[in-house]
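Chemist: Residues per chain are reported as follows:
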Amino acid sequence: MILSDTDRKILHRLQSNLPLVSRPFQELSKELNIDEDTIIERIKFMIEKGYVRRLAPIINTQAMGREATLAAINVPEDRIDEVSAIVNSYSGVSHNYLRKGKNCNISYNMWFTMSAKDDEELHSRLKEIEDRTGLTVRSMPTTKKFKIGVRFKIY
Amino acid sequence: MTNKKEDIDVKLIKYIQEGLPVTKTPYKDIGQALGMPEDEVIERLKKLLESGKIRRLAASIAHRKIGIDANAMCVWKVPKERVDEVGKIMAGFEEVTHCYERPTYPDWQYNVFTMVHGYTDAECEAVIQAIREKTGLNDYVILYSEKEFKKVGVRI
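As given, the protein sequences belong to chains B and R, one line each in that order. Counted from 1, the first sequence has number 51 at position 51 by our numbering; the numbering is strictly sequential. In our numbering, each residue's number is its place in the second sequence (first place is 1) plus 1000.
Bound conformation, chain B alone (with noise of 0.2 Å):
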């Protein structure tokens, strides 16, 4: 870890919305008492290191328009490379992961979330999906949602 306190407090800040004015890090100066060019040059390192993905606009989905779902599938062990590498070929896949039941065992093993521009390009690709590999593909789309928010204690 390479990252300073100052590095720290820049990146647990900027996990919220970035200022709507005309010089956004001068803003976030004053907050954090860190001068402008010290915060455009860490998050420029924090970026190039891979510590911050993109400083850039979280879309939901939903209201774009778009229909998402989180899919599971009941993979093999023998082929998991194989259905993970059609699954991800999808780009309206963003996260695909093998899970394993820590307590308890469960057959589902890999869960994907895939957005369409709408419910129909939504199935018809899950469909695909399924007859690419031979496999069910279970679609889990929100019912209700409690919260979502990905932000991180950083300490």
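No lab work stands behind these hints: they were computed from the structure. One thing to keep in mind: the hints can contain errors.
Listing some non-contacts, in silico: residues in chain R with all C-beta distances to chain B over 10 Å [as the list claims (entries may be wrong)]:
| hint | residue |
| --- | --- |
| 1 | Gln1032 |
| 2 | Leu1034 |
| 3 | Ala1072 |
| 4 | Pro1079 |
| 5 | Glu1133 |
| 6 | Lys1134 |
| 7 | Thr1135 |
Pulled a few chain R residues facing chain B out of the computed Cβ check, cut under 10 Å [to be verified]:
| hint | residue |
| --- | --- |
| 8 | Asp1007 |
| 9 | Ile1008 |
| 10 | Leu1049 |
| 11 | Phe1093 |
Computed from a prediction, not measured in an experiment: that's the story for all the values here. The beta-carbon is built from N, C-alpha and C at its ideal position, and this holds for glycine as well.
Please build the complex by placing chain R on the supplied structure of chain B, with the hints as guidance.
Modeler: Below, chain R without anything else, positioned relative to chain B:
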């Protein structure tokens, strides 16, 4: 909202979704690239945030890289009539980053999903234990990610 306005918003989002310019005047620089005054860039982003089309204009952190390695998806079997009450309790934990109700299937009975992020598995499990105590729920599975095949932000 007219189609034309939407088109410009989409053009704006597409231009910045890989990353804002990290400069003294990022909105002015975006405007210059798109042939739009700085004020218009700011105004459009404000409206996109207000309407909820953009959740945040902020940094996405490589949480694994900064040491937040543990990522537990904990799924719970919650009686239908308790979903609202329980969902609110779970969402109240700082370490719970997402909390959703999702449909069940004959072979999948867990209807409430929580994502718990922490620096260690033990930290995640302490949160899950606290949720159990606060809700009285005991039917749950903790799913740890064994492998990350893909992780990118949503793009349009």
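Chemist: Work down the list of hints and note, for each, if the structure agrees.
Modeler: These are the hints, each one checked on the structure:
Remark: the non-interface label on Gln1032/R is consistent with the geometry, its nearest Cβ contact in chain B lying 13 Å away (cut-off 10 Å). Leu1034/R, annotated as away from the interface, keeps every beta carbon of chain B farther than 10 Å; the closest lies near 14 Å. Interface exclusion of Ala1072/R from chain B breaks down, the closest Cβ pair being 8 Å apart, not more than 10 Å. Annotated as non-interface, Pro1079/R keeps its C-beta farther than 10 Å from every C-beta of chain B; the closest such distance is 14 Å.
The claim that Glu1133/R lies off the interface holds: its Cβ sits roughly 16 Å from the closest Cβ of chain B, which is beyond the 10 Å cut-off. Taking the minimum C-beta to C-beta distance to chain B, about 14 Å, the non-interface status of Lys1134/R holds against the 10 Å cut. With a closest Cβ-Cβ approach of about 13 Å to chain B, Thr1135/R is found to remain outside the 10 Å limit, as its non-interface label requires. At a threshold of 10 Å, the smallest CB-CB gap from Asp1007/R to chain B is about 13 Å, leaving the interface hint violated.
Given the 10 Å rule on beta carbons, the hint for Ile1008/R is violated: about 14 Å separates it from the nearest Cβ of chain B. The closest approach between the C-beta of Leu1049/R and any C-beta of chain B is roughly 7 Å, which is under the 10 Å cut-off, so the hint is satisfied. About 9 Å separates the beta-carbon of Phe1093/R from the nearest beta-carbon of chain B, less than 10 Å, and the hint is met.
Against the hints set out earlier in the document, violations occur for numbers 3, 8 and 9.
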